[in-house]
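Asker: So the chains spell out like this:
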Amino acid sequence: MAASHPQFDRRMARRQWEGRAFQGLCLLAVAVALALLVVLLVYLAHQGLSRVSWEFITSFPSRVPEQAGIKAALLGSIYVVTIAAVVAFTLGVCTAVYLEEYSVRNWRTRIIQVNITNLAGVPSIVYGILGLEIFVRSLGLGRSVLAGGLTMALLVLPIVIIAAQEAIRSVPPSLREGAYALGATRWQAIWHLVLPQAMPGILTGLILAVSRALGETAPLIVMGALTFVPFAPDGPLSRFTVLPIQIFNWTSRPQAGFHEAAAAGIIVLLVLLLTMNAAAIVLRNQFQRRPEG
Amino acid sequence: MARDFRSVRTAITAKALSLLPRHWKRLLSERLIRLLLAAAAVVSILTTVGIVSVLLFEAVLFFQQVSIWDFLTGTRWTPLFESKHFGILPLVTATIVTSGGAMMVALPLGLLSAIYLSEYSPDPVRRGLKPVLEVLAGIPTVVYGYFALLFVTPLLRQLAPGISVFNGVSASIVMGIMILPMVSSLSEDAMRAVPRSLREGAYALGSTKLEVSTRVVMPAALSGIAAAFILAISRAVGETMIVAIAAGQNPTFTLNPFVPIETMTAYIVQVSLGDTPTGTLEFQTIFAVGLTLFLITLVMNLLSQYIVRRFREEYE
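Chain order of the listed sequences is A and B.
Anchor point for the first sequence: position 1 equals 1 in our numbering, and the numbering is continuous, going up by one each time.
Take any residue in the second sequence, count from 1 to its spot, add 293: that is its number in our numbering.
Treat the hints with care, as some may be off.
On the chain A side, residues computed to face chain B include the following (Cβ under 7 Å) [to be verified]:
| hint | residue |
| --- | --- |
| 1 | 22 |
| 2 | 94 |
| 3 | 218 |
If we take Cβ atoms under 8 Å as the criterion, some of the chain A residues that face chain B in the derived model are [claimed, not checked]:
| hint | residue |
| --- | --- |
| 4 | 116 |
| 5 | 125 |
| 6 | 154 |
Computed beta-carbon distance windows for the label pairs [claimed, not checked]:
| hint | chain 1 | residue 1 | chain 2 | residue 2 | range |
| --- | --- | --- | --- | --- | --- |
| 7 | B | 604 | A | 66 | 53 to 61 Å |
| 8 | A | 188 | B | 507 | 52 to 60 Å |
| 9 | A | 17 | B | 397 | 42 to 50 Å |
| 10 | A | 175 | B | 592 | 38 to 46 Å |
| 11 | B | 450 | A | 6 | 32 to 40 Å |
| 12 | B | 493 | A | 256 | 58 to 66 Å |
| 13 | A | 67 | B | 328 | 49 to 57 Å |
| 14 | A | 178 | B | 328 | 25 to 33 Å |
No wet-lab data here; the hints were simulated from the structure.
Small disclaimer: the values here were computed from a predicted structure and weren't measured.
Glycine included, each C-beta is placed from N, C-alpha and C at the ideal position.
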């Protein structure tokens, strides 16, 4: 009996030491992840910050690395993302309202729901193939900004739907019941009460969807966006390029000057994304502060 | 005369409509709205139908000229060359190398981060760290590609000069960083869903925090963690820009991560950027490859959902 005490103490000390070592290991993992993020950002800033200027943003691409700018790509991105946002918002909110407020839970709605979850997991490049076949070739839109925007809309649609569903679900039922008691129809309750309450949540989802669309490269390459565009898009059927494709193109070239331009393009892209994410966080906080129904 | 008649008729219709009981009109518009909303919901179904039929249609044309057996078992992929071989295995091994390598980075780092966030970190720290980690998931993949090719590869080549400029290893490392937040975030959710009472029971029996974390919380959250891993692999398999930029465009049948390789996704990008005319056999290869990619990721996504549903430990 007496001999077990030192033994217990030794084992206890070892277990506690192991515990501390493990905690250190876990903390190290987080630190490594954060350090990588810092290294990435510092490296980009070091490479590209000197190239970021008003001239860089307002110049067309050039064969001379030092004169190359992102005007065409930035405008193309704005076109594509705007089209995608409008289409995905409309379709996404309508789908979410239908699934949450109208449909009864049966096998048909379950199929729609499972389908949406799976669409969210389809590789983005496959959407590019879809866009190429449906919008570019079958509908005859050509390799246009409109075809690109619609492809992106389908790509981000699941994100919008899922966010909108969650936002609508979090609106307390008492609100609808109050409206019905006053003689409102189902749509009146949705339009005047449910949607305004759910809107911050829906908009947060939309912003996330838009930032996804802004950063996507592969689907637009597959559907045939250009890589060298010395003109601004002048309408929905104009040919185009986007910022990520411009960055990809510059990265693939051997000259160091183009690599700097790529880094500068990345900085512009990240600043845009950061601004949008900050807006999403502000919206989400506003949403959380809202008092219960 | 005809126009008069039409305007009279319109007036009559309008009058008739206004005479309809108001609740009828409301009922009519309610029906119409419901129909419109249902039509929007159908778009997501049509997207899936579109993806499957587009891939199948063109892939069937492709498989009329290339046997499925050769496609699935061939070890040479040279559709764009003079002597054509259509064996997808080189693209598959490249995909295995890059996504397997990415998991070797993301799995330990992601899981340990998740344990730290869920079990060790104080609440304010966790709430501060999580969004910062998720920034890693929000960075566009083309940025990671740039980082892999121009930062990680030169660094690796300084350590081991034998590595090629384009290689699987730097693409893997960077892709691992990209999917790390996915692993850590989903695993952490699963671990936090394990009820406190389980942890407290283990503490009452004299366990240390390490023992609680690894022998009580992790087993209880295993289904969620497994689902997160599978989703992350699926994401890595479908990832395009990092491998297209950093891993190369050489379809080589090898598991060596230090030489140029070409994944399925990178091949699709290569054809899209080239001047292969649509409708040719060479162009149809992207649909056969795309279909393979789609099926692999679909199976993994369904598996992940199945694991969550089937093996979830319910406590309440």
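Asker: Determine which of the earlier numbered hints do not hold for this structure and return their numbers in increasing order.
Answerer: 9, 11
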